[in-house]
Amino acid sequence: MAIDKPYLDVPGTTVFDADQSRHGYWLNQFCMSLMSADNRERFKRDEAAYLDEWAMTADQKQAVLDRDMNRMIALGGNIYFLAKIGATDGKSFQQMAASMTGMSEDEYRDMMVAGGRSPDGNRSVRESGEPAPTTPEQRATSPGKPA
Amino acid sequence: MSARISASVYTSHVPAIGVAIDLGKTDEPYWRPLFDGYDPAKEWFTAHTPDVIILVYNDHATTFSLDIIPTFAIGTAAEYAVADEGWGPRPVPDVVGHPELASHIAYSVIQQDFDLTIVNRLAVDHGLTVPLSLMCGQPSAWPCQVIPVPVNVVHYPIPSGQRCLDLGQAIRRAVESYDDDLDVQIWGTGGMSHQLQGPRAGLINSPFDQAFLDELIAAPTELAKKPHIDYIREAGSEGIELVMWLIARGAMSDLAGGPLPTVRHRFYHVPASNTAVGNLILEN
Numbered sequence: 039m040a041i042d043k044p045y046l047d048v049p050g051t052t053v054f055d056a057d058q059s060r061h062g063y064w065l066n067q068f069c070m071s072l073m074s075a076d077n078r079e080r081f082k083r084d085e086a087a088y089l090d091e092w093a094m095t096a097d098q099k100q101a102v103l104d105r106d107m108n109r110m111i112a113l114g115g116n117i118y119f120l121a122k123i124g125a126t127d128g129k130s131f132q133q134m135a136a137s138m139t140g141m142s143e144d145e146y147r148d149m150m151v152a153g154g155r156s157p158d159g160n161r162s163v164r165e166s167g168e169p170a171p172t173t174p175e176q177r178a179t180s181p182g183k184p185a
Numbered sequence: 014m015s016a017r018i019s020a021s022v023y024t025s026h027v028p029a030i031g032v033a034i035d036l037g038k039t040d041e042p043y044w045r046p047l048f049d050g051y052d053p054a055k056e057w058f059t060a061h062t063p064d065v066i067i068l069v070y071n072d073h074a075t076t077f078s079l080d081i082i083p084t085f086a087i088g089t090a091a092e093y094a095v096a097d098e099g100w101g102p103r104p105v106p107d108v109v110g111h112p113e114l115a116s117h118i119a120y121s122v123i124q125q126d127f128d129l130t131i132v133n134r135l136a137v138d139h140g141l142t143v144p145l146s147l148m149c150g151q152p153s154a155w156p157c158q159v160i161p162v163p164v165n166v167v168h169y170p171i172p173s174g175q176r177c178l179d180l181g182q183a184i185r186r187a188v189e190s191y192d193d194d195l196d197v198q199i200w201g202t203g204g205m206s207h208q209l210q211g212p213r214a215g216l217i218n219s220p221f222d223q224a225f226l227d228e229l230i231a232a233p234t235e236l237a238k239k240p241h242i243d244y245i246r247e248a249g250s251e252g253i254e255l256v257m258w259l260i261a262r263g264a265m266s267d268l269a270g271g272p273l274p275t276v277r278h279r280f281y282h283v284p285a286s287n288t289a290v291g292n293l294i295l296e297n
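Respectively, the protein sequence lines represent chains X and A. When we follow my numbering, the leftmost residue of the first sequence carries the number 39, and every step to the right adds one. When we follow my numbering, the leftmost residue of the second sequence carries the number 14, and every step to the right adds one.
Simulated from the structure, these hints should not be mistaken for lab results. Be aware that one or more of the hints could be misleading.
To be verified - No farther apart than 30 Å at their CA atoms in a straight line, the calculated lysine-lysine pairs in the DSBU-like style are these:
hint	chain 1	residue 1	chain 2	residue 2
1	X	43	A	239
2	X	43	A	238
3	A	38	X	129
This structure is a prediction, so every number in the text was calculated from the model and none was measured.
Generate coordinates for the entire structure from the input sequences, incorporating the hints supplied.
Put into C-alpha cells, the structure is as follows:
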C-alpha cells in the first residue's frame with residue numbers, strides 16, 4: 039500500500055518526506071559540511087570546486103550556485119539543511135524565507151509585522167479551484183496566496 | 014522523597030530571538046513587546062528555578078544529519094557543547110547535563126515500551142538554547158542542569174500527537190520513580206504557527222494558536238488526536254513543531270488522576286522574524 043500523503047495539495051509547500059530525502063541526500067549532506075568554519079571558507083573560495091566534491095546532480099549544484107531555494111527544495115533540500123548555505127552568506131532565516139515568496143525583503147518583513155500570511159486561501163489548492171500539483175517542482179513553486 | 018515534576022513551560026525557540034539577545038537588541042521597538050511579554054515568565058523562573066529541566070526540542074539538522082534520524086532521543090551526557098549552526102556558535106554557556114537522572118529516565122521509559130535513542134555526544138542548537146535564554150536571560154552559567162530530549166519533527170515520518178502525549182506520561186512516571194529529592198521541570202518548545210519554506214512562507218494563524226493554547230491547558234487528550242495534516246494546513250509546515258508541546262503536557266499530573274494544573278503565565282505575540290511566539294507556564 040502506498041504511503042498516504044494528504045499534504046500534496048497544500049500550495050507552495052514541500053513536506054520533507056522519505057521521497058524528498060532520498061533525492062536530496064547529498065545536497066543536504068553537503069549543507070551539513072558548512073557547519074565548520076574551515077569548510078565555509080573553502081566553499082566561498084571556489085563554490086563550484088567544493089560542490090564537485092559531493093555526489094550531487096548537476097541541477098542541484100546549479101541551484102546552489104544560483105541560490106534558488108525553491109529549486110533546491112524541489113530537488114530534495116530541506117530548509118534546516120539549506121539554512122547552512124544562507125548562514126554562510128550571512129543571511130537570516132527571514133531573508134531566506136522572503137527569497138522564496140517572490141516578495142522583496144522589505145515587503146516580506148512588512149507582511150510579517152502586519153500579522154503574517156493568512157491561512158485563508160492557502161490551506162489547499164482546492165480553495166482556489168486549481169488542480170493539485172503533481173511534481174515536486176510544481177509544489178515548490180506553486181504560488182502561495184498573498185497576505 | 015522522590016523526584017517530581019513541579020511545572021511545565023512551553024515556548025517558541027525562534028533563532029532570531031537568540032540573535033536579538035546576543036546582540037543586545039532587546040530594547041529595539043521591534044523586539045520590546047516580545048521581551049516585555051516574557052518578563053513575568055523570567056520572574057517566575059527566578060522564584061522557581063528547578064534542579065533539572067527536561068528540555069524537549071527538535072534538532073535542526075545540527076547533530077542529526079541524514080545519517081541517523083532518531084524519532085525520540087535523550088541526552089545522558091555530563092555536558093553539551095553549543096553548536097555552530099553556520100553563523101558561529103551562540104555566545105552562551107555550555108549546557109550541563111544530569112547523567113544519572115537521564116539514564117534513569119531512559120531505563121524506565123524504554124521499559125515502558127518507548128524506544129528512546131540514547132545520545133552522549135550532542136551539540137545543542139537554537140532549539141534548546143533560545144528557550145534557556147528567554148527564561149534565564151544571560152547568566153555566565155545556566156542556573157540548573159538540563160536533560161535534552163530531541164524529537165524528530167523535520168524528516169517525515171514524525172511522531173503523532175498521541176505518541177508525544179503518551180511519552181510525556183511515561184517520563185512523569187520515570188521521574189517519580191527516581192529516589193533523589195529533585196525538583197524537575199519539563200519544557201516543550203518550538204512553534205507556534207510558522208512556515209519557513211516555499212511561496213507559502215510567512216504563514217501565521219493566530220486563531221489556531223490561541224485555540225491550541227486553550228486546548229493544551231484544558232483538553233490535552235483531545236488535542237493529542239489532531240492529525241499532522243491539520244498542523245500543516247493551519248499552522249504552516251514548521252508549525253508541526255507544536256506536537257512537542259504535548260510531551261511536556263503529558264508529564265503533568267492531571268493526566269494521572271491529579272487536579273488540573275494552574276496557569277501561571279500565558280503570552281502570545283506576532284511576529285518574531287517568521288514566527289508566532291507563544292509562552293505558557295503550568296504548575297502542578
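Status of each hint after checking the structure:
1. Restraint check for residue 43 of chain X and residue 239 of chain A: satisfied, since their Cα atoms lie roughly 16 Å apart, inside the 30 Å limit.
2. Restraint check: the Cα-Cα separation between residue 43 of chain X and residue 238 of chain A comes to about 18 Å, which is no more than 30 Å; the hinted pair holds.
3. With a CA separation close to 18 Å, the supplied pair residue 38 of chain A and residue 129 of chain X stays within the 30 Å bound.
Checked against the numbered hints given earlier, this structure breaks none of them.
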